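*Asks:* Okay, here's what each chain looks like letter by letter:
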Amino acid sequence: MTGTTGTATAINPFTIEVSEGELTDLRDRIRATRWPDREVDPSQGVRLETIQALAEYWENEYDWRSFEKRFAALPHFITKIDGVDVHFIHVRSENTGALPLIVTHGWPGSTVEQLKIIDPLTNPTANGAAAGDAFHLVIPSIPGHGFSAKPTETGWDPIRVARAWVVLMERLGYAEYVAQGGDWGNAVTEQMALLKPPGLLGIHTNMPATLSPEISRAVQIGDPAPDGLSEEEQTAYDVLVHFFATGIGYSQEMGNRPQTLYGIADSPVGLAAWMLDHDVASYELIVRAFAGNPGGLSRDDVLDNVTHYWLTNTGISSARLYWESKLAFFEAKGVELPVGVTVFPDELYPAPRSWAERAYPDLIHYNNDFEEGGHFAAWEQPEAFSKEVRDTFRALR
Amino acid sequence: MSEVRPFEVDIPDQPLDDLRRRIAATRLPPEELVDDSSQGVQLATTEALLSYWGVDYDLRRAQARLNAVPQFLTEIDGLDIHFIHVKSGHEGALPLIVTHGWPGSVIEMLEAIGPLTDPTAHGGAPEDAFDLVVPSLPGYGFSGQPTELGWDAGRVAGAWTELMDRLGYDRYVAPGGDVGAAVTDTLAILAPEGLAGIHLNFLRRPPPEIAAAVFGGAPAPEGLSEEEQSAFVPFARQFRRGYIAEQGQSPQTIGYALTDSPAGLAGWMLDHDTDAYEKISRAFVDGEPSGGLTRDSVLDNITLYWLTGTGASAARIYWEGQNAAAAGPAQTPPEVSLPVAFTVFPGEIFRAPRAWAETVYPNLTYFNEVDRGGHFAAWEEPLLFAAELRSAFRSLR
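Each protein sequence line maps, in turn, to chains A and B. Under the working numbering, the residue at position 288 of the first sequence is numbered 288, and the numbers go up by one with no gaps. Numbers given in the working numbering equal positions in the second sequence, counted from 1, plus 1000.
Please note that the accuracy of each hint is not assured.
[What the hints assert, rightly or not] Which residues of chain B face chain A? A partial, calculated answer using Cβ under 7 Å: (1) Q1145; (2) G1242; (3) G1255.
[What the hints assert, rightly or not] Quick list of simulated restraints, FRET-style, between CB atoms: (4) B:R1166 to A:R38: 50 to 60 Å; (5) B:S1230 to A:L195: 37 to 47 Å; (6) A:V167 to B:S1230: 44 to 54 Å; (7) B:S1051 to A:W35: 24 to 34 Å; (8) A:V167 to B:A1326: 27 to 37 Å; (9) A:S43 to B:V1285: 31 to 41 Å; (10) B:P1333 to A:S43: 41 to 51 Å; (11) B:E1278 to A:D25: 32 to 42 Å; (12) B:A1325 to A:K69: 44 to 54 Å.
[Claimed, not checked] Quick look at which bits of chain A chain B covers, simulated, 3 or more residues with Cβ under 8 Å: (13) 7-20; (14) 93-103; (15) 213-225; (16) 262-269.
Worth flagging that the hints you see were computed from the coordinates, not collected in a lab. These figures come from a predicted structure and were not determined experimentally. Here a beta-carbon is modelled for each residue, glycine too, at the ideal position from N, C-alpha and C.
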C-alpha cells in the first residue's frame, strides 16, 4: 500500500498493494481460530453459528483479489491535509454541469460502503435518471480508516475531519459542492455545514442528528418520555431508549478505551465479530447473508469491508474517532444550510419529520417512505439512496 | 450427584505450545496517541507483557500453584463447581467462603490461604483461624460453563449455600469484592441458616439514590458531602467504562477476540480500573510490582483464563446481571439484618463512605480504612486482607 507525495498540496494517484503473504497470514489465522462455547442466549452478541459460517466462507471461498481488482480500477488518490495523508476515490461525471459531492462513510464502514452508488450518481443516464442529476463524486477515507494514514497525534475529531474535507474540495478546484453522510459521516457532514465554507451549498443525511438537548439527555438515562410526543415521536423515543440501554457497548469501549481492543488487531474473527455487532438491524441483515438468504448486503459485501479493515490494521485507529469526538451524537447541532433527510426504516432511530424540521430550519427534503433499508443505506439500497441524493440536491443546482 | 471429587489441573503440552505460538505471532495495533493510559492499555505495557509471557514466564506456573492446594469439583444445580478447600489445623476454626470477581479468579486468593488457615505462622493467633473455601464462579476457571441462562449473583449465592452445607459447615462467614461482593451481598440478603456474617471490600450495592445515578447515568444526587462526592465521581466514571457495557450487552461478541487472541485477552483483563492497571503496568514496564501483583501472578491469572477458554463465559455474568436488572422492577431488597463488616482499601475504585455502608447495612459491625491495597485486595495485600478478615469476624466467633 503506497502513495507518493510531491509538493505539500500535491494530489497523487494511489495504488493498492496487498502482498500474497498478507493474504496467506490472514487465511492461516482464520483457520487457527480458537472458539468460545456457543452463546447461552441469542441476545448475547454475535452468534457462534453466524461467525463460524463467516469464517468458513472467509477462509475457503472469499476472494479478496476479485474485490481488489474492481476496487483498484477506480481512480484512487492521496493528498496530505493537516499533516495526514488522506486517501480518496474521485470519479468525475462526463455530464457537463455535474454537481461535486463529497460522501463520508461511518464506522464500521469505509469507502467500501459507497462503491455501489458511484455509477448511479456519476452516470445517471445509465441508471434511469436525467443527465442534469449528475455528480462528480469524492469519497474520502476518514484519517485512521482504510488507506488514509493513521494520525499520530490526538485531535482528529469530526470537526477536524470536516475542516480537512473543505480543504480537499478546494484543492480539487470545486468552487461549489454538496456533502452527504450517515453515522460518523453525518457528524462530519454536519460539522462541514456549521463551518459554512463558501462553496458548500447544502447537505444530505441518512442519519440525521435531530434530538433536542432534553430528549438527548433523557433517552441516554432511560427516563420516561416527556409529555406531548406524537405517536411518531414516541416511537423514535422508545427506539432510542432501547438503543442506549442495550446497544452501545462497542461505542462505550471505543469512546473510552480504544487502545485496549488488542484482540481486534490480532484476531480476524475478533475483528469481524466486533464489526458485525454494530446495530441489531444490520446485524440481522448480515446473519441472513451468511445463512444463505441475503438482503441488501451479500457475504462478499461484508467481507470486502472487514478484510479492508484487517489488511489496513485499522480496527483500533478507526475506533479512536469515538474517543476523539466530544459531540452528542444524535443531538441537533444548529445546521442552517439547506438539508435533505432520508430516513430508512431500519436506521438506529426513525427521525420524525417534526424533529427534522426543528433541527434543520432549511429542510429542503424529507422522506421516510421506504419498505427496506437501514444503517448502511448506500451499501444496502444504492438505488433508493441515489434517488434521495438526486432529489435533495436538485433544488440546489 | 452430591459427590465431592478431588481435582488436579493437568494441562497437556499442546495448548501451551499453541499459546506460545500465538503470542509470538501477535499482530499489534499502532501505538496510542497519548502519553498516559487515557486511551486504554498502552502498547509498551502490552509489548512488555507479551515478551515476558511468551519467553520467560513458566506456562505451567498457574497449574503448579493450584495443584499445591487441595482442589475439588462438585456438581451443584446442574453445574460442576471447582473450589479450593483448606482446613485449618486449629480447632474451632471458623469456616469462610470467599468469592473472587472479574477479571479475577481463585488465583487472587492463593497468597491469603496461609495467613487465613494457619494464622500462627503469619503473625496471628490460633483463635483467628479459618477453614477456607475458595470457589470458582460458574463460567470461570475450572468450574463448568453454564449452558443455560440464569446464573446471576443470586443463583451463585444459592449454590454457595449448598456447597457449604455439603461440606458440613453449619456456621460460616463470607467475604467478597467486585462480582464477589455482589454474590456475598446476595448471600446476606438470602441469609441462609448457617451464615453468621459477611465482609465486603467493595460496595457493589450503594444507597438507592447513589445506585440510580451511578448505574442509570443520572447526575449526582444533590447534597452529597465532600467525602461522598469524591466517592461518587470515580464510581460513576467506572460504570461508564466500556467493558461493563460490552460484557453486559454483548459478551459473546467480545468473547471471540478474547478466546482467539492472547494479546486481546490480556489487554481486556488489564483494563479493569485505573489503580490496578497502573500497578500492573509498572510491574511489566518498570519491573516494580505492587504487593502481590507481580508479573508472574498477573500472568497466572491471565493464563488460567486462556487455558480454560473462559473469556466469553466469564463476561456473561455481567449480561446476567443486566438482564436480571432489566427484567425485574427496581425494588428495594429486604434489609440485611446479618452483621456486615467493611474494609476500605485506598486504591479501590472509590472509597465507600461509612455513611453509605451504614445506610445499606444497618447492622454494620465493623468499618475500617487501611493504608494500602486496591481493588484486588486479597491479591495485592494478602496479609493485610487476612488481618482485616480476622478483625472483622472476631466478634462472630
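*Asks:* Evaluate each hint against the coordinates.
*Replies:* To see whether the hints hold, each was checked on the structure:
1. Checking Q1145 of chain B against chain A by beta carbon gives a least distance of about 6 Å; that is within 7 Å, so the hint holds.
2. Annotation: interface hint on G1242 of chain B holds; nearest CB of chain A at approximately 3 Å, less than 7 Å.
3. Hint status for G1255 of chain B: holds, given a least beta-carbon distance of 4 Å to chain A, under 7 Å.
4. At roughly 30 Å, the beta carbons of R1166 of chain B and R38 of chain A sit outside the given window of 50 to 60 Å.
5. For S1230 of chain B paired with L195 of chain A, a C-beta distance near 40 Å keeps the hint of 37 to 47 Å intact.
6. V167 of chain A and S1230 of chain B have their C-beta atoms about 45 Å apart, which keeps the hinted 44 to 54 Å range intact.
7. Restraint check, S1051 of chain B to W35 of chain A: a C-beta distance of roughly 27 Å satisfies the suggested window 24 to 34 Å.
8. Evaluation of the 27 to 37 Å hint for V167 of chain A and A1326 of chain B yields a failure: the beta carbon distance comes to about 47 Å.
9. Between S43 of chain A and V1285 of chain B the Cβ separation comes to about 39 Å, which falls inside the hinted range of 31 to 41 Å.
10. A beta carbon spacing of about 25 Å between P1333 of chain B and S43 of chain A contradicts the range 41 to 51 Å that was offered as a hint.
11. Checked against the hint of 32 to 42 Å, the pair E1278 of chain B and D25 of chain A passes, with Cβ atoms roughly 34 Å apart.
12. In this structure the supplied range 44 to 54 Å holds for A1325 of chain B paired with K69 of chain A, their Cβ-Cβ distance being about 51 Å.
13. Restraint check on the stretch 7-20 of chain A versus chain B: 0 residues with Cβ-Cβ distances below 8 Å, three needed, restraint violated.
14. Residue count for the stretch 93-103 of chain A with a Cβ under 8 Å from a Cβ of chain B: 0. That is fewer than the three needed, and the coverage hint is violated.
15. As drawn, the stretch 213-225 of chain A meets chain B at 3 residues by the rule of a beta-carbon pair under 8 Å; at three or more, the given contact holds.
16. A stretch counts as covered by a chain when three or more of its residues have a beta carbon under 8 Å from one of that chain; for the stretch 262-269 of chain A and chain B the count is 7, and the coverage holds.
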